[in-house]
Structure formats: structure tokens, C-alpha cells
Amino acid sequence: MGVTLTKIVEKMELRNLTPDVDMTQREVKIPDINRPALQLAGFFDHFDCERIQLIGYVEYTYLQTLEYEHKMKIYDTLLEYGIPCFIFCRNLQPDPEFLEKAVKNNIPVFITDKQTSSFSAELIRWMKVELAPCISIHGVLVDCYGVGVLIMGDSGIGKSEAALELIKRGHRLVTDDVVEIRKVSDDTLVGTAPDITRHFIELRGIGIIDVKTLFGVQSVRETQNIDLVITLEDWNKDREYDRLGLTEEYTEFLGNKVVCHSIPIRPGRNVAIIVESAAVNHRQKQMGYNAAQELYRRVQENLKRNM
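Residue numbering for the sequence shown follows my numbering, beginning at 1 and increasing consecutively.
No lab work stands behind these hints, which were simulated from the structure alone.
Hints are not guaranteed to be accurate.
[As the list claims (entries may be wrong)] Derived DSS-like pairs: lysine-lysine, alpha-carbon spacing no greater than 27 Å straight-line:
1) Lys7 / Lys73
2) Lys285 / Lys7
3) Lys304 / Lys128
4) Lys128 / Lys114
5) Lys71 / Lys101
6) Lys101 / Lys183
7) Lys11 / Lys285
8) Lys128 / Lys29
9) Lys71 / Lys128
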């Protein structure tokens, strides 16, 4: 799996300096970039030639100091590698000889007016999301007070209805029914919607509704970190449910653990309010305040006074 050069050019708003090079079938499979400073000096050991090569002000000014014959030799050696593409930052114009040799070796060359450091950070961040390990699960993902809440449960238990009520209360839908989860880092999971179902919700008895059209663009968002998982399940009177929350339960996606709450469903329970409360309580815990532990501390202090 990779990201096509065409998609990178569109996303990063790059200008193509080698239109004669066909890039429609080319893909980049590594999210990192390389600034070929050592390679321009003639050191090609451990050269990351599978990465996008970024030319900034330092590399560009160094090339201007080289004698013509030596520079041509460096160009020939550098462009013999199967490099995905070159990108010149800060609107720096490559030498005509470089472009000629790049076309000869079938290597695309692009240019951007952005600063090298900011552009490389933006490109790496976007590429890491695009190339991250991905799985698809059944559920609903909403942005509730800035907390990414993944609602899971058996089919027909009321996930979409809960999401619709949350949207009416001012929260935002990311995806319904199918959630694509990407592992961006060891601490971060990002959820998105498949292109074909983005902004749609299925309600049994009504059908498909377009959330963006009905409630406006403020009711949807494209991506959201997954911070909390809420599993809806039928009420079981024989099961003991956690009523204090002193210990956290977790579920795992792609090796990352996420806090998980199991919510029993029975007539009369407002699931949307429960989800809102769970999201706010999760934010409180992240900020260092745990209501269950505070209650436990008060009980312990009261027992000590009575003794």
C-alpha cells in the first residue's frame, strides 16, 4: 500500500517541473523524507533512496559552490537511484542540467514556495496518516466535546440513534456503520469514514439520511482521534455492572489500548446523555481529576474520623 504521487502533488499544492515524466502509476510507500546533504557531498552509503528527497536552502547553496564537472558527476550518481521524486522548497529553481538528467532517468521534480522545515513537517504528518496500518470495524465515531468517542455494539442496539441525538445536541459525526482506524503512532489512533459512506447515517425504519445536508457542515468532521470506546449491550439483570469506576477497562486496536466502558441498555435510558457524561468525565481524568477516587478518599477520611 502506498500514496500516489498525484495525490501528494494535489495535497501539498506542488508545481511539476518535469511534465514529460509519467507519474500516474508511481507510489510512495515510506512516510519519512530525506534531505540528501551527504549524498550531494559524494557519500552514498546508507542512502534512503526510497524516500522523497527534499532540497532546501542549505543543499541548494552547497550545489552552487561545486565546480561544473563535479556537480554533473554528483547529479549522474544521485539520479541513478530509484528515487520517488525530488521537491525543491522555498521556490528554489533547480539547474537546467538537473532537470534534463531527471527526465532522462524518469524521476519527477516538483517545487514549492513553502519553508523547508514547515513543509517537511506537514508532509511527514500527512504521510504518516495516509500510510498508517488500518483496520475497519463496525461502529459509530463521534466528536463529543473534543473527545473522540467510538460507539460499538450489536447491530440494531441503537448506535446510530445515539449518534443522531448527539448531533442534535451540537456534537459532530465522523462516521456511521464502518469506522476505518489508523495507527498513526504508539499512542494515537485516528478514525475516518470510507469515502462512499461519509456523512451518511442509516436509521432503521427511515433509511439513509445525509447529516451534512440536514444539520450543516458544523455537524460533521473528516477525522478524529479515538480517545474513548463505549460498548452498548442489552441489560442483563444477572450481571454485576461497575458502579464506581475505580478501575479502568481497556480495549485494543492495532496494539494500542483505549479506555472502554460497557453501557447496559434498557427502556428509558438516554444513551446520548450517558455518552456526553462519559466524554466529559474522560476529559476530567485526563486533566488529573478522578471523581471515583475523590469519593473513595472522602469515604476513607470519614471512616478514620469516626474511628
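Consistency of the hints with the structure:
1. Lys7 / Lys73: Roughly 32 Å separates the two Cα atoms, so the pair is violated.
2. Lys285 / Lys7: Not OK: lysine 285 and lysine 7 at ~39 Å, beyond 27 Å, violated.
3. Lys304 / Lys128: Violated - the C-alpha atoms of lysine 128 and lysine 304 are around 53 Å apart, more than 27 Å.
4. Lys128 / Lys114: 20 Å, holds
5. Lys71 / Lys101: Roughly 12 Å between the alpha carbons, so the hint for lysine 71 and lysine 101 holds.
6. Lys101 / Lys183: Violated - the C-alpha atoms of lysine 183 and lysine 101 are around 39 Å apart, more than 27 Å.
7. Lys11 / Lys285: 37 Å, violated
8. Lys128 / Lys29: 10 Å, holds
9. Lys71 / Lys128: Roughly 33 Å between the alpha carbons, so the hint for lysine 71 and lysine 128 is violated.
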